[in-house]
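K.L.:
Residue numbers (numbering that gives the first Met the number 0), protein chains in the order written: chain Z, 0 to 359; chain H, 0 to 275; chain U, 0 to 299.
To be clear, the hints were calculated from the coordinates, so they are not data collected in a lab. All clues given are correct.
Calculated pairs, DSS-like style, for lysine-lysine (alpha carbon to alpha carbon, straight line, at most 30 Å):
1) Z:273 x Z:81
2) Z:160 x U:222
3) Z:208 x U:124
4) Z:129 x Z:75
5) Z:150 x U:124
6) Z:118 x Z:337
7) Z:150 x Z:259
8) U:90 x H:8
9) U:180 x H:11
10) Z:129 x Z:337
11) H:120 x Z:118
Note that the coordinates shown come from a computational prediction; the quantities given were computed from them, not determined experimentally.
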Amino acid sequence: MKLAKTSKKRVFTIAFLALFSMSILAGCGAKADNKSADTKAPAGKTRTIILGSYTVNKEPYEKELIPAFQKYWKQKSGEDVKFETSFVASGAQAKAIVGGFEADVAALSLEGDIDQIVKAGLITNNWKSKQADGFVTNSIAVIAVRPGNPKNIKDWEDLAKPGIGVLYPNPKTSGGAMWDVNAIYGAGLKISEQKNGKQDPAFAKELLKGIQKNVKVMDKSGRESFTTFEKGTGDAVVTYENEVLRAIAGGAKYDLIYPKSTILIQNPIAIVDKNVEKHGNKEVVEAFVNFLYTKDAQRILGKNGFRPVDQEVAKEFSANFPIPAQLFSIDYLGGWSKVVKEIYGADGVWTKIVVELGQG
Amino acid sequence: MATPSYQSKTAKFTMIGIVFLYFTVFIILPIGGMFAGAFAKGLPAFWRELTRPEAVHAISLTFIITAIVTVLNAVFGTVLAILLVRHHFPGAALLKGIVDLPFAVSPVIAGFMLILLYGPKGLLGVFFDAWGIKIVYALPGMILATLFVTLPFVVKEVSLVLQEIGTEQEQAATILGAGPWRTFWRITLPGIRWGLLYGITLTVARSLGEFGAVLVVSGNIINRTQTATMDIYQAYSDYNELGSYAVAALLAIISFAILFSLELIKKKKEAASNGN
Amino acid sequence: MGHLKIAHLSWRLLATIVVSYIFVLVLLPMGALLSNSMAGGWGGFLEDLSQPVARKALQLTFEVALIGALVNGVFGLLTAYVLVRFEFPGKGLLNALVDLPFAIPTNVSGLMLLAVYGGGSPLGKVLEGLGLPLAYSIPGVVVAVILVTFPFTIRALQPLLEELDPDIEAAAYILGASRWKTFWKVTFPSLLPGVLSGVTLAFSRGLAEFGAVVVVAGNIPMKTQLAAVYIYGEMESYNARGATSISIVLVAAAIVLLVLLNLVSSKQRLTIPRFGLLRKIFVKGEVKEHGNPVIPVQDR
Numbered sequence: 000m001k002l003a004k005t006s007k008k009r010v011f012t013i014a015f016l017a018l019f020s021m022s023i024l025a026g027c028g029a030k031a032d033n034k035s036a037d038t039k040a041p042a043g044k045t046r047t048i049i050l051g052s053y054t055v056n057k058e059p060y061e062k063e064l065i066p067a068f069q070k071y072w073k074q075k076s077g078e079d080v081k082f083e084t085s086f087v088a089s090g091a092q093a094k095a096i097v098g099g100f101e102a103d104v105a106a107l108s109l110e111g112d113i114d115q116i117v118k119a120g121l122i123t124n125n126w127k128s129k130q131a132d133g134f135v136t137n138s139i140a141v142i143a144v145r146p147g148n149p150k151n152i153k154d155w156e157d158l159a160k161p162g163i164g165v166l167y168p169n170p171k172t173s174g175g176a177m178w179d180v181n182a183i184y185g186a187g188l189k190i191s192e193q194k195n196g197k198q199d200p201a202f203a204k205e206l207l208k209g210i211q212k213n214v215k216v217m218d219k220s221g222r223e224s225f226t227t228f229e230k231g232t233g234d235a236v237v238t239y240e241n242e243v244l245r246a247i248a249g250g251a252k253y254d255l256i257y258p259k260s261t262i263l264i265q266n267p268i269a270i271v272d273k274n275v276e277k278h279g280n281k282e283v284v285e286a287f288v289n290f291l292y293t294k295d296a297q298r299i300l301g302k303n304g305f306r307p308v309d310q311e312v313a314k315e316f317s318a319n320f321p322i323p324a325q326l327f328s329i330d331y332l333g334g335w336s337k338v339v340k341e342i343y344g345a346d347g348v349w350t351k352i353v354v355e356l357g358q359g
Numbered sequence: 000m001a002t003p004s005y006q007s008k009t010a011k012f013t014m015i016g017i018v019f020l021y022f023t024v025f026i027i028l029p030i031g032g033m034f035a036g037a038f039a040k041g042l043p044a045f046w047r048e049l050t051r052p053e054a055v056h057a058i059s060l061t062f063i064i065t066a067i068v069t070v071l072n073a074v075f076g077t078v079l080a081i082l083l084v085r086h087h088f089p090g091a092a093l094l095k096g097i098v099d100l101p102f103a104v105s106p107v108i109a110g111f112m113l114i115l116l117y118g119p120k121g122l123l124g125v126f127f128d129a130w131g132i133k134i135v136y137a138l139p140g141m142i143l144a145t146l147f148v149t150l151p152f153v154v155k156e157v158s159l160v161l162q163e164i165g166t167e168q169e170q171a172a173t174i175l176g177a178g179p180w181r182t183f184w185r186i187t188l189p190g191i192r193w194g195l196l197y198g199i200t201l202t203v204a205r206s207l208g209e210f211g212a213v214l215v216v217s218g219n220i221i222n223r224t225q226t227a228t229m230d231i232y233q234a235y236s237d238y239n240e241l242g243s244y245a246v247a248a249l250l251a252i253i254s255f256a257i258l259f260s261l262e263l264i265k266k267k268k269e270a271a272s273n274g275n
Numbered sequence: 000m001g002h003l004k005i006a007h008l009s010w011r012l013l014a015t016i017v018v019s020y021i022f023v024l025v026l027l028p029m030g031a032l033l034s035n036s037m038a039g040g041w042g043g044f045l046e047d048l049s050q051p052v053a054r055k056a057l058q059l060t061f062e063v064a065l066i067g068a069l070v071n072g073v074f075g076l077l078t079a080y081v082l083v084r085f086e087f088p089g090k091g092l093l094n095a096l097v098d099l100p101f102a103i104p105t106n107v108s109g110l111m112l113l114a115v116y117g118g119g120s121p122l123g124k125v126l127e128g129l130g131l132p133l134a135y136s137i138p139g140v141v142v143a144v145i146l147v148t149f150p151f152t153i154r155a156l157q158p159l160l161e162e163l164d165p166d167i168e169a170a171a172y173i174l175g176a177s178r179w180k181t182f183w184k185v186t187f188p189s190l191l192p193g194v195l196s197g198v199t200l201a202f203s204r205g206l207a208e209f210g211a212v213v214v215v216a217g218n219i220p221m222k223t224q225l226a227a228v229y230i231y232g233e234m235e236s237y238n239a240r241g242a243t244s245i246s247i248v249l250v251a252a253a254i255v256l257l258v259l260l261n262l263v264s265s266k267q268r269l270t271i272p273r274f275g276l277l278r279k280i281f282v283k284g285e286v287k288e289h290g291n292p293v294i295p296v297q298d299r
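Please build the complete structure, drawing on both the sequences and the hints.
P.N.:
Written out as structure tokens, the structure reads:
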């Protein structure tokens, strides 16, 4: 009996050690995978581009732009280029890149998030001097409502009516949320400017406060926020125009409401020099970014609901993209640094609103 | 257990009824709903969702992390348990407290601590960065995060059993001249076998299901650092509910399977020793 | 005896490696957390703590975890009692189901609660009509916390109830005590450590929960945003110091609870609730495994 037990122990030990070694090997295999993706490869082999993007980009990039570029690059250089992609909230993505995520290309929701990466010393090129000031797509902040607009929402003020459930994400993590809140606040300034001849911050604050009061859920990202709307929560979601158009193209019957006064959303793209140097894939990364500005790529983006930055292509799509009467840009609000501090900072307008609503 | 004669029938039925309701609201409906959702479109659709390339990668990644974490915890946890229960040394109480710590730390905090420590500007991160080794936003960081949250399980369970079985046999072995290793393999390990297996089961279940800590530490890179739980979340965000539920159901089934096979083995052993 | 010495040395070496492993795995990260929150000194720490959004998040977290723990305690006690004392069809199934929350990832629990009780489902619509929406509200978060802490009190109490001789209760009743009195004076005192154990564990787990909470709560600052989600937001928006300060408060509270838990459970040597199906192994199986009646099995 004792002998049987001993050999059982032996078998157990051996199995244990085998499993241990196997998992270490598997782990090393996965790690090796990690590393080989990063090293320079001789011509004819595969190089990899790591894309760090915000959330609502996923469909055009994964379904059309990346395959189109891979085809184009294969034809041009005979090389198969692989892509690794991450789609998380813009702020979170910037944070990840600053924190060590080795993205070669940062395609984010707002310039302010790219600035964070610049501040960390990872982007050294003058990205704003590239085509279209470094922006690869445009959009505007809009409101999507249920089919037929049952709550009769025509503009921002209607979102502050009692009983309306509003959705937008949390500005702390989501670039989209900042665009949305900026749009509302800026619209408030514009409206008061129209009425009284000069901007009235108090009026804008009241407008924003009234809407924030009706917000039901604040998701981490633009995409998650829209998903919440799709799942049946809320009467209206404030989001990117391209996100609503994507849903409508997919068969949803939402009504797209264009406010009279809203913000021009400009999405930047930048090469993260430090990572590109490390990976040795500068040539192909630059080619990819340049590719996104070609007419074909811009048309793909236009088809997917993004406003092209290429003037000619934009003209082709002008019927699809109405221009609101009072469109303003982030400059109207003083630029991102000012906005981040004065709206979202510790003493910012939005922060104060949230506290007031919480204590009320 | 016979019904205590002092409980009235109505009391009994009311209590059982309330308990059934409690279970229905919190367990049966939500979890049943998940399985219903996963198989709503039949087995072929379920399988199709599980074999999405990003899902396959995510599930494999989860398995790899779980395997590494389980083995490390099994070995180190057992050694720790023996240290804490069988040996006296200054700082033992402190060590015990430290082992308990992961219970007190929210998974997001665990993930952030790792980023603070191993990110490019972190205390240790600067060294790893200089050598070109990636910890956060890569596999090693995810393993560390999972190791952290699963630390207490094996230690606790093996400690409990070590306390119960007592030291008599081990002492006898030592008196008869066996060294620490021989005593361990021949006496201790068989004794703690079930506690160790139970601790391993808990570790596996927790590793498969870890979300917050790995989300923070991994960067959520599709086909690179997305685990099964993150794929569940991604699929849900991409309006693929079926895919989301399918992976979730898979993880749940695996955890149950481990638990039940452990129970089966135990039953067989009991039957065998009864037969003798 | 030479090889014996090597054996002892190699054991010492392994022990040293393991202790260093713990140091690196647990202490270093916690140290990083502490040093980061002290980046602005005590003044900075207190400033982070005085942010209204942070305080509200902490307050909501404590309230939700407390309510969840109390529900866990009361219904857990009832469930354990029913599962141990009564026989009824479906009992085995219920007992097996208790452990389910351990096997489900927390974000999945959250997704499922939304699916079953959220605005899109029939049940959800009924609840909304009654003015009790569970999705994106504090009650919903409480439900989520109860789900993820479901097994704790039940599993802490089952062994205690099994050891309690039902004849003693019956005797008290026969001798004239009312049912309530029998329960409170005879049964409950022995169960108290288990109840405290389960409630404390549920409370500390509830404080830390992220996956289920972030899915189910609306995460509106000052209204439905709990501490773990607040911390996540602050970290992602470059307020690392604020995030770490609040993290430390949360961890400190949970450590206090853990210490209390250890104090309570050292009296009955129960620290983690166990899978009920396996519990019996420990109480009775070990003696059989060795076949040696000399090995003492300590009384619980």
